[in-house]
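**Student:** Protein sequences, first through last, are from chains D and A.
Note that our numbering has the first sequence beginning at 175, numbered continuously upward.
Note that our numbering has the second sequence beginning at 1490, numbered continuously upward.
Derived by calculation from the structure, the hints in this document are not laboratory data.
For glycine and all other residues, C-beta sits at the position ideal for the given N, C-alpha and C.
One should not assume that every hint holds.
Pair ranges (Cβ atoms, derived) [claimed, not checked]:
#1 D:407 - A:1538: 54 to 60 Å
#2 D:456 - A:1758: 46 to 52 Å
#3 D:297 - A:1691: 50 to 56 Å
#4 A:1769 - D:236: 39 to 45 Å
#5 A:1602 - D:205: 31 to 37 Å
Residues from chain D that keep clear of chain A, each with C-beta distances beyond 10 Å, as calculated [unchecked claim]:
#6 296
#7 300
#8 431
Spelled out from the first residue to the last, the chains are:
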Amino acid sequence: MRMAVKGIGVTGGFGCGVAALSAALENGISPMEGITVPSAQGPLQLPAFRAPTERLEEFVPKRSLRRIDHYSRMGLLGAYLAIQDAGLLGSDLSRLGVVIASGYGATATTFSFLDSIIGDGDICASPTHFANSVHNSAAANISIMLGAKGPSLTVSQFDMSVPSALMSARQWLAEGRVEAVLFGAIDELSDLIGYLWHRQRGPQRDRPISPLNADEESSVIGEGAAFLLLTREDESGGYCAIDSVETGSLYQGRLALPEDALLVLGADGRKELGARYRDTIQANSRVACYASLYGSMPAAAAFDLACAALVLQNGSAYRIPGAAGCAMDGTAAALETDRIFAVRLAEANEYAKTTLSRL
Amino acid sequence: MTHPWPVAITGLGCICAAGTNLDDCMEALYSGRRAPAPSSRFTSDHPIKNPVFEVTGFCEPPELLRTSALGLQAAREAIADAGLDEETLRSLRVGVCVGTTVGSAMNNEQFCRDYRAGLDPDLAPIERILRSNPAAVIARAFELTGPCQTVVNACASGTDAVGLAASWIRGGICDIVIAGGADELGRITYNGFISLMITDDSPCKPFDKNRKGLNLGEGAGMLVLESEEVRARRGKEARSFLLGYGSACDAHHLTAPKPDGEGLRYAIAEALSCSATPTESIAFVNAHGTGTPDNDRVESRVLADLLPGVPFLSTKGYTGHTLGAAGAIEAVFTVACLERGRVPGNAGFSTPDPELGGTPVEGCLEISGTVALSESLAFGGNNSVIILGKRGAV
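This is chain D alone, in the form it adopts within the complex (with noise of 0.2 Å):
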């Protein structure tokens, strides 16, 4: 079974929706923002992708959003731009399934539960953060805003999270349980995430990712998230289909991936799994990857599937930002295929391919 994707709603480092997306691949730019962190050592400087929600007082009330936390308000902005892009706002959205992947959660509100059992007490625990601190908080959120009464599915797998999430989101529609799926990823860059990031990767420069030099780290974390409104193929077209997904590990062998497709690839400056792309990648085949637009995090692979999804419609690939001299040198040149691999790698051995192609 092909799925469609019908609506694609986004928000990141590039700013907010298809067109800002659309506008960054073209110009292989997205402004990096500092953000300041606590440490030992004093406030730390560092460099990252930040996502805007402003809009989504667009689609719901100010007094509304009172208590809704930064992670859910990235989802739900993500979520009614993609309604919106398919042309189903106002629709009657009640047997809609929601899937939501996430590699860290609602981290800031998360850390905000233990400050205030650290700071006040355990008696002072709060019922508000803890309430929003569950993982699955976003997806609540957007189902109770939207009305959505269908499934609904939040996947925690860290990097692979948005592949495992959309192979059961594919499943849903493939079985008949949903006819549309709300597919988005999340995921939060707060304080403590963000130390945690300069603590395993040492200091970060405030210039663009190379996502293909495997010999130096160069990653920018990121935030953000990224739907896509996605049906069983039929006539009323869309982006492009998602033809299958497949995730796993590889304990020998070589992942087997096809010369005639352009490979979108999850690299993002991380220097280990650089090396990873590098070892796995054959040297001759048209690469692009995107992670410079919006940075490192697990939902960028959601971030992947939009860009490839806007590849194909519009039929041409975008150059890939901090590329240029790099071992694999994967200036995408003009599009000669009508198919793509979306190819994530993760610590160990873990892949996931995901076959996206012209509708």
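Once you've looked at the hints, dock chain A against the given chain D.
**Tutor:** Here is chain A on its own, set in the frame of chain D:
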């Protein structure tokens, strides 16, 4: 729905406060034995120490979260029960689908405490979280090549993981899926649930008039789901079959069930429909039955409407509420009860509540039916239902 065929369950594993393997758990349930007590593993500032259901005699290795270690232990039991060796597992496309609530949360309290105090804390606790994704831990331990999924649908996670795993088998994605749920007890969830004022400071009393709330528990339940092709090739008899799965969202409130149980009604209807099971075939319901006033009221009323007269019980009186593990543990118990033709009494129940839709099973009850239903309700408004049939039901 286009998937009317059942999926075989060939192995079961369970660890919780009732026992460290399935046989011990069932013995405890049938004898009515339970031992909730204040935690021996953590302390709290609260003046009243709420009882919890801890797994005793189990120690996790230092490199893993307790949640993942519990999941791995139950998986080992289920795999052994299925008669699968590691070589066979490596020769097949085997996936892992595990529900949890805390198993992938970046919330190490000591790390945050030190960070907040202006220190540069040791990264070891964070690295432990990052290598303890419950599904990935099981996949790594057995070098499994199939898909991994950690479901974080709050307290419905375990039920959803089992239902989704069956879909992977039916869809030809996997030959075998190890599916279930795992969760550990800890200060964060303990304080969180107390803050919501839905805990009981005495042993929990699901469906009782005087119920005050839940007791937390910990543990894991795992099931081996297997394709008919592989099962036939192995000559392995199924212990039972997953006949149906349904899930729906209330879209109502972050932590409270919808008073009319709309989502649960949808989920039950979907599970019954896709399994083609008539309601009169249901021998019993293993209910969510947390012991909170809201949950038990909504759940019992829905059951009274949709499955009138069908015996129901909650096993949380023996295990506590094991959150993301609960649905999986209860699925395992449901299969074991079908096999034994007997359900245990609903521990903690003594006084009927006229506000509820009925009263649960009070003592051990002989059953003759071959099909049962297990259900979970969760934060976020998630409602999930699976229908299980014993070997002769298919």
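**Student:** If a hint holds in the structure, say so; if it does not, say that too.
**Tutor:** So, going through the hints one by one against the coordinates:
1. Our hint of 54 to 60 Å for residue 407 of chain D and residue 1538 of chain A holds, since their Cβ atoms are close to 57 Å apart.
2. Between residue 456 of chain D and residue 1758 of chain A the CB atoms are about 50 Å apart, so this pair conforms to the stated range of 46 to 52 Å.
3. Against the hinted window of 50 to 56 Å, the Cβ-Cβ separation of residue 297 of chain D and residue 1691 of chain A comes to about 19 Å, which falls outside the hint.
4. At about 52 Å, the CB distance of residue 1769 of chain A to residue 236 of chain D disagrees with the hint of 39 to 45 Å.
5. Taking 31 to 37 Å as the suggested C-beta distance range, the pair residue 1602 of chain A and residue 205 of chain D conforms, at roughly 35 Å.
6. The Cβ of residue 296 of chain D does not lie farther than 10 Å from every Cβ of chain A; its closest approach is about 4 Å, which violates its non-interface assignment.
7. The non-interface label for residue 300 of chain D is inconsistent with chain A: the shortest C-beta to C-beta separation is roughly 7 Å, within 10 Å.
8. Chain A leaves residue 431 of chain D outside its interface by the beta-carbon criterion, the shortest separation being 17 Å against a cut-off of 10 Å.
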